[in-house]
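Chain B: place on chain D using the hints.
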Amino acid sequence: MTEFVTKPAGLPGDVSLAPALTNTNDTNNDTNDESLLQALPPVAAGFPSPAADYQEPPLDLAQYLIKRPKTTFFMRVVGDSMTGVGIRAGDLLVIDRAAPIVDRAIVVARLGESFCCKQLRLRDGGTWLHSANPAYEPIRLAEDEDAEIWGRVLHAITSFTNKLPGAGDGQ
Amino acid sequence: MSKWIDAIALIDANNFYASCERVFEPRLRHKPVIVLSNNDGCVVARSNEAKALGIGMGQPVFQLRDLIERHDVAVLSSNYELYGDLSARVMACLHEFSDEVEEYSIDEAFLRLPVAAGQSLTAFGHTLRRQVQRDTGIPVSVGFATTKTLAKVANHYAKRSAKTRGVLDLTASPHLPRALQQLPVGEVWGIGPRYSELLTRHGITDALALSQAPDDWVRQQLTVVGLKTVHELRGQPCHPLELTAPNKKLITCSRSFGHATADPNELQAALAFFTARAAEKLRRQQLVAATLTVFVATDRFKPELPQYSNSLTLNVAPKSDSTPELRALALQGLARLLRPGYAIRKAGVTLGGLEQASQIARRLWDDEHFEAQRRLMAAVDQLNCKWGRDTVQCGLFPNEGVWFTRFGARSPRYTTRWAELAETQ
Chain D
1 MTEFVTKPAG LPGDVSLAPA LTNTNDTNND TNDESLLQAL PPVAAGFPSP AADYQEPPLD
61 LAQYLIKRPK TTFFMRVVGD SMTGVGIRAG DLLVIDRAAP IVDRAIVVAR LGESFCCKQL
121 RLRDGGTWLH SANPAYEPIR LAEDEDAEIW GRVLHAITSF TNKLPGAGDG Q
Chain B
1 MSKWIDAIAL IDANNFYASC ERVFEPRLRH KPVIVLSNND GCVVARSNEA KALGIGMGQP
61 VFQLRDLIER HDVAVLSSNY ELYGDLSARV MACLHEFSDE VEEYSIDEAF LRLPVAAGQS
121 LTAFGHTLRR QVQRDTGIPV SVGFATTKTL AKVANHYAKR SAKTRGVLDL TASPHLPRAL
181 QQLPVGEVWG IGPRYSELLT RHGITDALAL SQAPDDWVRQ QLTVVGLKTV HELRGQPCHP
241 LELTAPNKKL ITCSRSFGHA TADPNELQAA LAFFTARAAE KLRRQQLVAA TLTVFVATDR
301 FKPELPQYSN SLTLNVAPKS DSTPELRALA LQGLARLLRP GYAIRKAGVT LGGLEQASQI
361 ARRLWDDEHF EAQRRLMAAV DQLNCKWGRD TVQCGLFPNE GVWFTRFGAR SPRYTTRWAE
421 LAETQ
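Chains D and B, in that order, are what the protein sequence lines are.
Under our numbering, think of the first position of the first sequence as 1, with each following residue one higher.
Under our numbering, think of the first position of the second sequence as 1, with each following residue one higher.
Next up, chain D with everything else stripped away, as it sits in the complex:
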């Protein structure tokens, strides 16, 4: 399929007229429809870098943290029920709704009308939500409990400089 080269337009009302790839006024059979006009990279002046052949893209934190962008969400932690595993108030949670929900997974659950971050335990024939703070008792979920697992917590990010906007004082 013939490729079309267009330059992006700039100011309002501006228009870009792309050079035609095969703009011949005659019936020259040698015209090559498949040729693609490409901008040639500028010629560098000076010494070539010895690292040029080894260049890799820099480490991408988002790629490390998020395997499935379309099922990954973020929430902010309030409260201290999971400090024992290193989740603190003010942290950013990276939550994947499509990650497998298994025994001992750290999850965000909807319990009634609010969200809580807990460790899921499947034990003693029941489903439990454990906190990581002795001040909080484990919660056993009844068969008909109005609760569901919202998603699995992949990471908790504590920032010492970046306070998430909207976080209240003391959090």
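By construction, these hints were calculated from the structure, which means they are not laboratory data.
In this text, a Cβ means the ideal position worked out from N, Cα and C, and glycines have one as well.
Warning: the hint list may mix true and false statements.
What the hints assert, rightly or not - Beyond 10 Å from chain B on every Cβ pair, some chain D residues (computed): (1) Pro48; (2) Thr71; (3) Arg76; (4) Ala98; (5) Glu113; (6) Cys116; (7) His130.
Claimed, not checked - Calculated pairs, DSS-like style, for lysine-lysine (alpha carbon to alpha carbon, straight line, at most 25 Å): (8) B/Lys249 / B/Lys346; (9) D/Lys70 / B/Lys249; (10) B/Lys302 / B/Lys346; (11) D/Lys67 / B/Lys302; (12) B/Lys159 / B/Lys31; (13) B/Lys249 / B/Lys163.
Just chain B, lined up with the frame of chain D:
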């Protein structure tokens, strides 16, 4: 050897905007919820509980004051950033189920699936529902049939019947004739209020009767487009899927012509048509375009003829989703591209620089009314913007204290703003 058929699935979200609001706000789960239009004037979405209270789509909200108070209806301003983001996630999930997906609107998609004739798709439909729910929190209904129009019928019943639990397979169902017979003719995809009235006057009040109407009569009364609808009701696919690439940043409409032409009138008509189609797709996805590209090409398989291919990109300023505006630009572009003496075989229009149309009123009615409504709402919005929020309102809007201050509340942009994340304890 078993015969394979192409099944068409129509998946659409249940009460999409209200469902989006519920993903991050559990307190809304069982309440009547309504979402308001851009200037908080009219209802653009309702949860089932709100529908049960008799709240109508498009109803001006000032009429609902008592109802809202008495039944503690949750009233929210539209949160297009949230809806657009969750829509993209639902669509991404659907792309995992089929290579052939048409993202029809912000909350609907068609899929094409090869299936062995006679095999039931119900279990597959439930799997798909569960995965969308798991991945995004959005409940959807799924209808299967052999044509798009019938898939819409299947989806209609899937959504409303308690027995179906959200999935209905009509691809090879003995229940299809009865399903059509119980469907009012105005509920058929492509039959708007005008045609519905016409058909009723001629005694055709349900979809089955419509499917049995004679071709010649249908073509005469409903045009060839109506005839395609009738053929689709009979199980003959006439509307191919217009596939959406999984990572779409552009909306294109283009065709190769049956015969090459250098006639400017023919080319203008073609470009006008392509632009209208592309603009429809734009509006259905609640997007606006910032650039419009026109391209033309001669038949490259006839190298003995003069060859010419070229394209031109214009800025759409201000960004637009309006067919007349985009068409005017496309024709301008065409005029500059055309060179006499070249027989054009392929042409098209591409809309780019796509963005959520958060400032443009939502589409409430079918395309026939959309343009007029959109212009009206855009004018209202502009006046309100200039002179203050309630300068122009839909009808009379009581200004008394308590009730008034409960509006204008858009939920946080949970998925697009760091400052507006949901909280968990």
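Hint check:
The claim that proline 48 of chain D lies off the interface holds: its Cβ sits roughly 35 Å from the closest Cβ of chain B, which is beyond the 10 Å cut-off. Against the 10 Å criterion, threonine 71 of chain D falls within the reach of chain B, whose nearest CB is about 5 Å from its own CB. At the 10 Å boundary, the C-beta of arginine 76 of chain D falls inside the reach of chain B, the nearest C-beta of that chain being 5 Å off. The beta carbon of alanine 98 of chain D is not kept farther than 10 Å from every beta carbon of chain B, the shortest such distance being approximately 5 Å.
At roughly 5 Å, the least C-beta separation between glutamate 113 of chain D and chain B is not larger than 10 Å, which violates its mark as non-interface. The Cβ of cysteine 116 of chain D sits about 5 Å from the closest Cβ of chain B, inside the 10 Å cut-off, so the non-interface label is violated. Remark: the non-interface label on histidine 130 of chain D is consistent with the geometry, its nearest Cβ contact in chain B lying 14 Å away (cut-off 10 Å). For the hint linking lysine 249 of chain B to lysine 346 of chain B, the alpha-carbon distance of about 22 Å falls within 25 Å, and the restraint holds.
Among the hinted pairs, lysine 70 of chain D with lysine 249 of chain B is consistent with the structure: their alpha-carbon atoms are about 16 Å apart, no more than 25 Å. In summary, the hint linking lysine 302 of chain B to lysine 346 of chain B is supported, as the alpha carbons are separated by about 13 Å, within the 25 Å threshold. At roughly 48 Å between alpha-carbon atoms, lysine 67 of chain D and lysine 302 of chain B are farther apart than 25 Å, so this suggested pair is violated. Of the supplied pair hints, the one linking lysine 159 of chain B and lysine 31 of chain B holds, its CA atoms being roughly 19 Å apart against a limit of 25 Å.
Of the pairs offered as hints, the one joining lysine 249 of chain B and lysine 163 of chain B is violated, with about 39 Å between alpha carbons and a cut-off of 25 Å exceeded.
The structure fails hints 2, 3, 4, 5, 6, 11 and 13 (numbered hints given earlier, in ascending order).
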